[in-house]
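Q: Given next are the chains, with one letter for each unit.
4 protein chains.
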Amino acid sequence: MKYIDLRSDTVTLPTQEMREAMYKAEVGDDVYGEEPTVRKLEEMAAEMLGKEAAMLVTSGTQGNQVSIMTHTHPGEEIIVEENCHIITYEVGGVGYLAGVQTKALKSNKGVLNPADVEKAIRPKDIHYPVTSLICLENTHNRAGGTVTPIEIMKEIYEIAQKHNIPVHLDGARIFNAATYLKVDVREIAKYADSVMFCLSKGLCAPIGSVVVGTKDFIEKARKYRKMLGGGMRQAGFIAAAGIVALEKMTKRLQEDHDNARFLAEGLKNIPGINLDLETVQTNIVMTDISGTGMTGKELSLRLKEHGILINDGNDFAVRFVTHYYISKKEIEKTLDAIEKIVRQF
Amino acid sequence: MKYIDLRSDTVTLPTQEMREAMYKAEVGDDVYGEEPTVRKLEEMAAEMLGKEAAMLVTSGTQGNQVSIMTHTHPGEEIIVEENCHIITYEVGGVGYLAGVQTKALKSNKGVLNPADVEKAIRPKDIHYPVTSLICLENTHNRAGGTVTPIEIMKEIYEIAQKHNIPVHLDGARIFNAATYLKVDVREIAKYADSVMFCLSKGLCAPIGSVVVGTKDFIEKARKYRKMLGGGMRQAGFIAAAGIVALEKMTKRLQEDHDNARFLAEGLKNIPGINLDLETVQTNIVMTDISGTGMTGKELSLRLKEHGILINDGNDFAVRFVTHYYISKKEIEKTLDAIEKIVRQF
Amino acid sequence: MKYIDLRSDTVTLPTQEMREAMYKAEVGDDVYGEEPTVRKLEEMAAEMLGKEAAMLVTSGTQGNQVSIMTHTHPGEEIIVEENCHIITYEVGGVGYLAGVQTKALKSNKGVLNPADVEKAIRPKDIHYPVTSLICLENTHNRAGGTVTPIEIMKEIYEIAQKHNIPVHLDGARIFNAATYLKVDVREIAKYADSVMFCLSKGLCAPIGSVVVGTKDFIEKARKYRKMLGGGMRQAGFIAAAGIVALEKMTKRLQEDHDNARFLAEGLKNIPGINLDLETVQTNIVMTDISGTGMTGKELSLRLKEHGILINDGNDFAVRFVTHYYISKKEIEKTLDAIEKIVRQF
Amino acid sequence: MKYIDLRSDTVTLPTQEMREAMYKAEVGDDVYGEEPTVRKLEEMAAEMLGKEAAMLVTSGTQGNQVSIMTHTHPGEEIIVEENCHIITYEVGGVGYLAGVQTKALKSNKGVLNPADVEKAIRPKDIHYPVTSLICLENTHNRAGGTVTPIEIMKEIYEIAQKHNIPVHLDGARIFNAATYLKVDVREIAKYADSVMFCLSKGLCAPIGSVVVGTKDFIEKARKYRKMLGGGMRQAGFIAAAGIVALEKMTKRLQEDHDNARFLAEGLKNIPGINLDLETVQTNIVMTDISGTGMTGKELSLRLKEHGILINDGNDFAVRFVTHYYISKKEIEKTLDAIEKIVRQF
Ligand SMILES: [Ca+2]
Ligand SMILES: [Ca+2]
Ligand SMILES: [Ca+2]
Ligand SMILES: [Ca+2]
Ligand SMILES: [Ca+2]
Ligand SMILES: [Ca+2]
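Protein chains in written order, with numbering that gives the first Met the number 0: chain A, 0 to 344; chain B, 0 to 344; chain C, 0 to 344; chain D, 0 to 344.
A couple of the hints might just be wrong.
Unchecked claim - Distance ranges between label pairs, derived from CB positions:
(1) D/Ala316 - B/Lys214: 28 to 34 Å
(2) B/His72 - A/Thr213: 58 to 64 Å
(3) A/Asn82 - B/Asp314: 24 to 30 Å
(4) B/Arg251 - A/Asn310: 55 to 61 Å
(5) B/Asn163 - C/Lys214: 17 to 23 Å
(6) B/Asn163 - C/Glu51: 37 to 43 Å
(7) C/Lys214 - B/Lys108: 37 to 43 Å
(8) A/Tyr31 - C/Lys214: 32 to 38 Å
(9) B/Lys108 - A/Asn82: 49 to 55 Å
(10) A/Lys23 - C/Glu246: 45 to 51 Å
(11) A/Lys23 - D/Thr213: 57 to 63 Å
(12) A/Glu218 - D/Gly32: 36 to 42 Å
(13) C/Glu304 - A/Tyr31: 46 to 52 Å
Think of the hints as simulated: they come from the structure by calculation, not from any bench.
We put the CB at the ideal spot given by N, CA and C, even for glycine.
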């Protein structure tokens, strides 16, 4: 049975075109620097993001962690948003791998206040760790796919430069942000020293993320990637699908956003379901279903019987994610099913 | 010139009785387990705090960090108050040494909300670090020497036990807390698995803090202390002063609290100085002098000319700390001087 | 131009059958535990090695490092052979990631002396790190693909068990060892608590290695793999090639060994080239070409003109590796070319 | 009962003059930079060793570990002698704290071969950790207090400089080395970028070691010392004894060496006791008593009945250490006792 899978955009399977690209991929030994397809992907990624160099990694977590390791030294402190992916979903890697402390700031729906960032930078004092990195996340996953505006990116980047502190952008879904902002992705990337973005998720590649930055940064980062075991041999298969992702899938994300909007508006009309339409900017819809009397778990079990999968988060917070394999028609089906379930409960 | 030194209780010099105890101290090689004076101090400390065992360390930072290292494994997460000493003044040791991530919670004047603590404990999930320690601070330094009530300690400890998570108490000034609460210090210590407290600060010993806990915990902690270089040979000199601190100085702290109160009430009457009398519970007075038009730095420079030292913190937040070497008369002098300075500014 | 590539067995490209398996691979989201092909590979690997559970990793380095992280705690010590892959080629990960010290032992052509291992285990003492892991490597890469006999594996394992210390086997080329020893690979694996082996290298898969061990061990290891960024989504493409590697390629390695032997005997007859035939047990031939007056770099440049690639190691030590894409005829060509080059030099 | 304590020079108690210096010590708050006695000790130490700056630490372990942390980054590799104090007795701190791998070299009685050091420096390669520190130990404890000659120090230092790698000297007993070499201690220290030496051990101070180096190095090191908890408040008491140690005790070490020599020659004449007189250069005598039929443990138990303490090492290796509290007469008594015990066994 084929489910309508709204759990995450990570569930996306590769397209037929990707499978074919993988099948025909010209490959070599990447550790010997002889991987033509990986090289092509990395050059394409650097070019698209407007950076000097790029490096393929096996996951967003690896991309973020290697970037933090490369920018910082153990015993330093990094500034992060309090619900960011880096400290929420990366298994405590920040402490284990980079050995840095985190200064976690509150945000307004995923958007940091530049003044808070500046205030969080530590003055020089023997008691204090040195603040050595600012991490942003755009779009912001746990805030519901919200977008940090260009002006805020710019303002934070200028503060960072004034204090000689690099900025790393967790841009797992940066193409969704660019689509929402109707700008070239470079306009976002230019306000960060390093950017990680995912080929999987909304772009549908089966595996892989990319880190971009200066040549020096990427050269240092390659060594940390090797240490974490991310140095692969014939990685061209992964890169081949990634090239299709970059060429084809980055341009169609508005459709997912439209579907998310359509879903959000429909859900808002169902009694007992609450959501903040203002945060529905990209492909994620965060809802509070407490008014229905059901927990997320209960709703997800009932929806499964209708052939629909959702993440059964904690309590009453339910997240829906649209992607390439979700059509408007399937959204309609989903709304119908939820309405029925809620009515009958 | 002898200054009225209100910067901190760390500036306290040892008493004459301490000097004599050090002079006559019977010493041996502590690494060989042959230090009679260290052993005596450790037994006394364990007994006073109601724990099985104790270990002398060279500083509060060492005591806290060794405790965290002993309770946790790298890659885990610890729950802390957002302005606690451990993440503010310990040079980022939590990331460098223990390799743990921090979940920093807001508090009400240094007092954590037990419900927030429980909510911060991570469920089991491959993406999440394991929550492996809860850290409390009583009295709370940056909140102004505020005291966490026994019932709150108890409530948090019960939550911790329910989740099988140990509690570490940064009790640098635990004797001030006990004095304020009018309880034996054991009544506080019993709601923590390990406690660090300082022999220096208000107790006037020149060097040293103590960690207490179970025998097993202390045995493991000794190994980490040795690794950090805290294993000393003839440490009996330090212990000798510490024994005087525990016997004599723990009983006289009400005097410091009375002086702090007297100072706080006087300061509150000076135009332009603001403070929250409710937080003046022990020997620390936190003020906001922005109404005077002076920064802390400006006030501290002017007070120095009157023979008075205060910490020139950032901006307008000025901290005063009372201790053994500050008499009521010196508080009066200080109030006179500040009043004059403010009036003339 | 197609080179005769004797640099390493990592240069092997996937077979046509692997490409087809990848093309048709049924994939899902491995982080949701929904990857049928990864699951199949992991079950097959566990079964073949005789262990409870298995985990796909992106490289041998990741497999070794995750295993060490899982077996040990920072501040402990592990026993290794002084030229093993773990401390030679894994970017210092042992210190950075696991935070353990290494006790490096000399060996006899890659084979450790059990008595040395036992002597290296630390007694309990507050000054000493705890010995918490013994690492073996079979076949041993830098010793020239040499095989540790079953009896030695067993003897070391019994010592380890006596002292309650786990054994990790870097079995990157364990199927070569089993082929040489004419035993089922389980007969080797049973003398280790965890084993890492590679699907790439001689088995020709494009990417991937596998760690096997107890269920508990693998469950813990999965969390560390996720932290290092080795948790992938639709990893079934990698697994699909790996299944072919396990089913087909593990049985044909004698051919590579025969070719290596043939190459070694030929090289030995060339004046100026020295090698120890006793160490030519599997698919690696280590030579000393100092007698030819050429450095490795010089020889490799000349061989390249003949369409032959070799690793230009340091100085005069030259390594040749045979694999699936090297036929006996190509060995003959190589010998002819070298003989000619040496004669003309 | 007062024992003749030959276990170590760490057992030395402070002299009466030290006690008096401590009693009268002028102290202040070192974290505020107001410790006159600590400042005096640090200036004296820097001056004596010929370095720009110095820092008091609580132990040799802390001095060595902070130095390694300051010179290196995690993931790098350091070159050490295989039996040096740093990897033998410092609780695995090198992995836990600095996160570096060790390349351990064999030596000739504690003296490294400069050619081996140069060969151990890693070339640049993505697989390799960067070699970032060379550690020496002079005198070498486990080799029996042996001295590395000036020319060897110089040769290694020149290799290090050629490769831009700093040298750290564990000079716990550097004054013993200088005494043996009949040179000013600066002549040794100048061939290292940082030196740690102990005030305790042969110099009899109760607590404390010192690290010397450039101003920049010491400034960075102070931050790591604070992180490890080595930042103390009224540390002048420790420093006061240290000043006496430097002024008085550094000049009398020849006496301890003469006593060690006298002891060694006597022991050599006892049947069943073997030792290498060539290694008896300073205040340590390493013996092999296997010829007596007794283990070290057995001999130590018997000697204790005669009022003599020795370290009961493993098996048959027995170490004797002379110091300020051991006179020639006590050596005679010791020799008599051992002779008697051996004869009667
Ligand atoms: Ca996908
Ligand atoms: Ca770094
Ligand atoms: Ca004090
Ligand atoms: Ca630990
Ligand atoms: Ca391959
Ligand atoms: Ca001593």
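Q: Starting from the hint 37 to 43 Å, judge whether the C-beta atoms of C/Lys214 and B/Lys108 obey it.
A: 48 Å, violated
Q: Please test the hint of 17 to 23 Å on the beta carbon pair from B/Asn163 and C/Lys214.
A: 22 Å, holds
Q: Does the hinted range 58 to 64 Å hold for B/His72 and A/Thr213 at CB?
A: Since B/His72 and A/Thr213 have Cβ atoms about 35 Å apart, the given range 58 to 64 Å is violated.
Q: Evaluate the given range 57 to 63 Å for the C-beta pair formed by A/Lys23 and D/Thr213.
A: About 59 Å separates the Cβ atoms of A/Lys23 and D/Thr213, which means 57 to 63 Å holds.
Q: Starting from the hint 45 to 51 Å, judge whether the C-beta atoms of A/Lys23 and C/Glu246 obey it.
A: About 24 Å separates the Cβ atoms of A/Lys23 and C/Glu246, which means 45 to 51 Å is violated.
Q: CB of C/Glu304 to CB of A/Tyr31, is that within 46 to 52 Å?
A: Hint violated: Cβ distance 19 Å, outside 46 to 52 Å.
Q: Is it true that the C-beta distance of D/Ala316 to B/Lys214 lies inside 28 to 34 Å, as the hint says?
A: 33 Å, holds
Q: Mind checking the hinted window 49 to 55 Å against the Cβ distance between B/Lys108 and A/Asn82?
A: 25 Å, violated
Q: Do the Cβ positions of A/Tyr31 and C/Lys214 conform to the proposed distance bound of 32 to 38 Å?
A: 37 Å, holds
Q: Could you say whether the range 24 to 30 Å given as a hint is met by the Cβ separation of A/Asn82 and B/Asp314?
A: 29 Å Cβ-Cβ, so the 24 to 30 Å window holds.
Q: Could you see if the CB distance from B/Arg251 to A/Asn310 stays within 55 to 61 Å?
A: Given about 59 Å between the Cβ atoms, the range holds.
Q: Please test the hint of 36 to 42 Å on the beta carbon pair from A/Glu218 and D/Gly32.
A: 41 Å, holds
This entry does not satisfy hints 2, 6, 7, 9, 10, 13, going by the numbered hints stated previously.
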